[in-house]
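Engineer: Below, each chain spelled out in residue letters.
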Amino acid sequence: ETGVTQTPRHLVMGMTNKKSLKCEQHLGHNAMYWYKQSAKKPLELMFVYNFKEQTENNSVPSRFSPECPNSSHLFLHLHTLQPEDSALYLCASSQELNTGELFFGEGSRLTVL
Amino acid sequence: RKEVEQDPGPFNVPEGATVAFNCTYSNSASQSFFWYRQDCRKEPKLLMSVYSSGNEDGRFTAQLNRASQYISLLIRDSKLSDSATYLCVVINTGGFKTIFGAGTRLFVKA
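Protein sequences, first through last, are from chains U and W.
With the first sequence counted from 1, adding 84 to any position gets you this note's numbering.
Every letter in the second sequence is one number past the one before it in this note's numbering, and letter 103, counting from 1, is 98.
A couple of the hints might just be wrong.
[As the list claims (entries may be wrong)] Simulated coverage check for chain U against chain W, where a stretch passes if three residues somewhere in it have a Cβ under 8 Å from a Cβ of chain W:
(1) 123 to 132
(2) 172 to 185
(3) 189 to 195
[As the list claims (entries may be wrong)] The calculated label-pair distances, taken between Cβ atoms and stated as ranges, are:
(4) U:His163 with W:Leu69: 42 to 52 Å
(5) W:Asp2 with U:His110: 35 to 45 Å
(6) U:Pro145 with W:Leu69: 19 to 29 Å
(7) U:Gly112 with W:Asn7: 35 to 45 Å
By construction, these hints were calculated from the structure, which means they are not laboratory data.
It should be emphasised that the depicted structure is a prediction, and the values quoted were computed from it without experimental measurement.
Glycine residues also receive a C-beta, built at the ideal position from the N, C-alpha and C atoms.
Full structure from sequences and hints, please.
Structural biologist: Okay, here's the thing in structure tokens:
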């Protein structure tokens, strides 16, 4: 059983749709992250939350909107996405901020038509 | 120059072979280093930390060379199950950024 769970695992949406990705961690960690992984590119950090406060927004377009209601849950709200936003979106958590010891969820594979 | 660079490979090796990957980093103030493993269509998982004195875990050995600014991962007696992409991770204390390399693909053949 993974300590970080993501839903949905797969999502297909049109450019005008609004959808959300959900992440939940059961590890008691204080920091949570959203990463984007595109083919043959390094993981791109999108957002960082520490004790449910956003500490980093890595120049992410406003069509991606994060929400962290508590230290265990993280959402990524999606609206008016572009086809180039199709990627694997990975949620991760760590005990403390930026320790490098990240626990990832299995990811949400997003396809934008 | 990219902050973290890895040879994408793929490295194709027979079972039982020894294989080594390097990862170079550009920021001399980088503080912490890690290797992650990512299987096809799976999430990355922490493989091992890289300490200044090196780190060994079974068939896996990680080394840090601060003078030349690279870390290495050595895999001895390769198994089919070692086939994966190996990601290098560097933590920069300036801004406390966690930076991933693009990964090196390894295929171990029977």
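Engineer: Run every hint past the structure and note whether it holds.
Structural biologist: Each hint, compared with the structure:
1. 123 to 132: Since three or more residues must qualify, the claim that chain W covers the stretch 123 to 132 of chain U holds, with 5 doing so at under 8 Å.
2. 172 to 185: Result for this restraint: holds, n = 6.
3. 189 to 195: Holds, because 3 residues of the stretch 189 to 195 of chain U bring their Cβ atoms closer than 8 Å to Cβ atoms of chain W.
4. U:His163 with W:Leu69: 42 to 52 Å: 46 Å, holds
5. W:Asp2 with U:His110: 35 to 45 Å: 36 Å, holds
6. U:Pro145 with W:Leu69: 19 to 29 Å: Violated: the Cβ-Cβ distance is about 41 Å, outside 19 to 29 Å.
7. U:Gly112 with W:Asn7: 35 to 45 Å: Given range 35 to 45 Å: holds, Cβ gap about 41 Å.
Hint 6 alone, counting from the list given before, is not met by this structure.
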